[in-house]
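Visitor: Kindly produce the complete structure, drawing on both the sequences and the hints.
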Amino acid sequence: MIYLEYLLLIFLIVCAILAPLCRRLLNAVLVFAAFSTVTAILWLLMQAPDLAITEAAVGAGIDTVLFLLTLKTAHFLDGTRDKK
Amino acid sequence: MSAKELWTRFAAWVNGEAAPAARFEKEYQPKHSPLFRRKPREVSTGQPKTYEVWFYRVSAVLASVALIGILLATVTRLPLHGTPGTPDQNEVAERYVEQGLEETGAVNLVSGMILDYRAFDTFGESCVLFLTAMSVFVLLWNDKHSLPPKLEAERKEDDIILAEEEMHLLRHAAHFLTPFILLFGIYVVVNGHLSPGGGFSGGIIIGSGLIFYATACGQKTVSRFFDRKAFYILNFICLAIYAGAKSYSFFLGANHMENPIPKGIPGAILSGGLILPLNICVGLVVACTMYAFYALFNKGDF
Amino acid sequence: MKEIASLLAQNHILAASVILFGIGFVNLLLQKNLIRKIIGLNIMDTAIFLLLTSFGYIEGRYAPILVSTTDPAQVEQYVNPIPTGLVLTGIVVSVSCTAFMLALTQRLYLRYHTLDIDAILMMVRKGGN
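Chains as they are written, first to last, in my numbering: chain F, 1 to 84; chain U, 1 to 302; chain V, 1 to 129.
Simulated from the structure, these hints should not be mistaken for laboratory data.
Fair warning: there could be bad hints in the mix.
Capping the alpha-carbon separation at 25 Å, the derived lysine to any residue pairs in SDA-like fashion look like this [unchecked claim]: (1) V:Lys32 to F:Ile17; (2) V:Lys2 to U:Leu71; (3) U:Lys220 to U:Leu169; (4) U:Lys144 to V:Lys2; (5) U:Lys156 to V:Leu108; (6) U:Lys299 to U:Ala230; (7) U:Lys299 to V:Ser96; (8) V:Lys2 to U:Pro79; (9) U:Lys299 to F:Leu30.
Guide: What follows is the structure, given as structure tokens:
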């Protein structure tokens with residue numbers, strides 16, 4: 001079990017380094033969603049299921065939606081809107 | 001200034017008709033008192049020089065690396081992960097675990113803790129959520145349609161696309177899945193004192209279901225059963241019930257009364273005294289707030 | 001040196017959360033884009049939450065959800081419920097903070113048409129609109 005924790009922690013650190021380095025902001029937000037989901041798995045391993053269920057709903061759900069809506073208002077989602 | 005004039009100005013300020021402008025009419029001018037002889041600092045408006053930028057970057061990285069080093073050195077002195085007998089395994093945790101079921105009636109000790117022993121903390125939490133929703137209202141509510149014309153045109157275009165285009169897959173999936181998502185959210189809220197979950201997580205799941213439905217079918221469809229008025233009323237009722245249930249003893253000046261709701265059999269849904277109603281209140285506040293965030297970020301109105 | 005490495009490997013969650021905190025701090029200082037700054041702040045939040053939860057965990061014990069409702073509960077069976085409750089409140093506050101910061105970002109974009117904090121500061125100093 002401890003090796004699984006090592007693996008997940010290394011994934012977390014890689015995500016945290018990569019998320020702000022992505023050139024497109026859309027990719028950065030998606031990598032951050034993956035970061036939150038892996039945090040939820042870690043909390044499940046640490047016997048805190050209340051936190052896991054909350055973080056899974058917050059990090060992958062609400063936070064991502066809010067970030068994406070901000071990007072939409074700021075016209076950073078290139079190529080996702082049909083040109084007319 | 002007479003009292004009547006003061007009152008009219010206060011009433012105008014409350015109604016939002018006129019700002020109390022008299023104090024701000026004069027342009028602010030920094031005083032040069034003899035105590036502070038220095039002139040106001042000149043703010044440079046040019047680009048920073050290259051060496052300044054690099055000095056900032058290098059010192060930022062160095063400061064962070066030093067911070068990580070100091071904290072890692074602290075970590076080596078901390079008790080090991082997962083060992084019993086650390087200082088935070090104190091008598092409080094012992095009391096919560098051993099007496100929790102008897103005193104709160106909740107099987108999930110975390111729920112029993114945050115909604116019974118520390119219910120006032122959670123009340124502040126719900127108020128934080130409500131305040132944030134209000135702040136986002138202040139910042140993003142587009143009631144006068146005063147956005148730049150390009151953005152207004154885009155938002156109208158979104159509505160037209162949603163109305164015209166035949167997104168069969170998304171619509172059918174939304175119609176099929178939304179009841180299940182909402183049902184799961186309600187399950188998590190109602191079972192908060194028996195299983196993992198509770199008001200916060202269940203409320204967020206319900207809010208996500210509403211957001212999903214609004215994405216597929218448009219905010220107008222959702223506003224048929226959940227509009228701004230419903231948001232205000234639900235939030236007010238839930239926060240008022242919570243405040244009344246947990247803070248009356250502050251005003252009446254006596255010990256907390258014996259809980260009128262019986263604790264019930266531990267393990268049944270209708271048990272745990274006040275925990276179930278408070279969970280439902282918190283869940284409703286969270287769900288309303290999450291949907292309000294989505295609506296305000298997306299359209300500026302709902 | 002070897003002792004320190006083995007200690008850190010045993011205390012892996014604390015060590016990783018400290019490193020995550022540092023990474024988030026570097027992002028907060030170095031990034032110019034407001035969205036990336038907010039992501040960095042969220043990473044710092046998560047690091048603190050991991051650290052707090054790790055203090056409550058005890059090897060071989062289970063989540064604080066009672067197995068039996070008739071027997072009296074034993075402390076030796078369950079992990080510490082206090083950090084879980086604290087972090088649960090923290091997560092929801094961090095969501096509200098993120099929403100508030102993103103709303104401010106939208107307003108800044110609508111006024112200055114950029115998300116670059118340096119460009120915004122430059123425009124503010126020049127006094128333009």
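Visitor: Under the constraints set out in the numbered hints, which ones does this structure not fulfil?
Guide: 4
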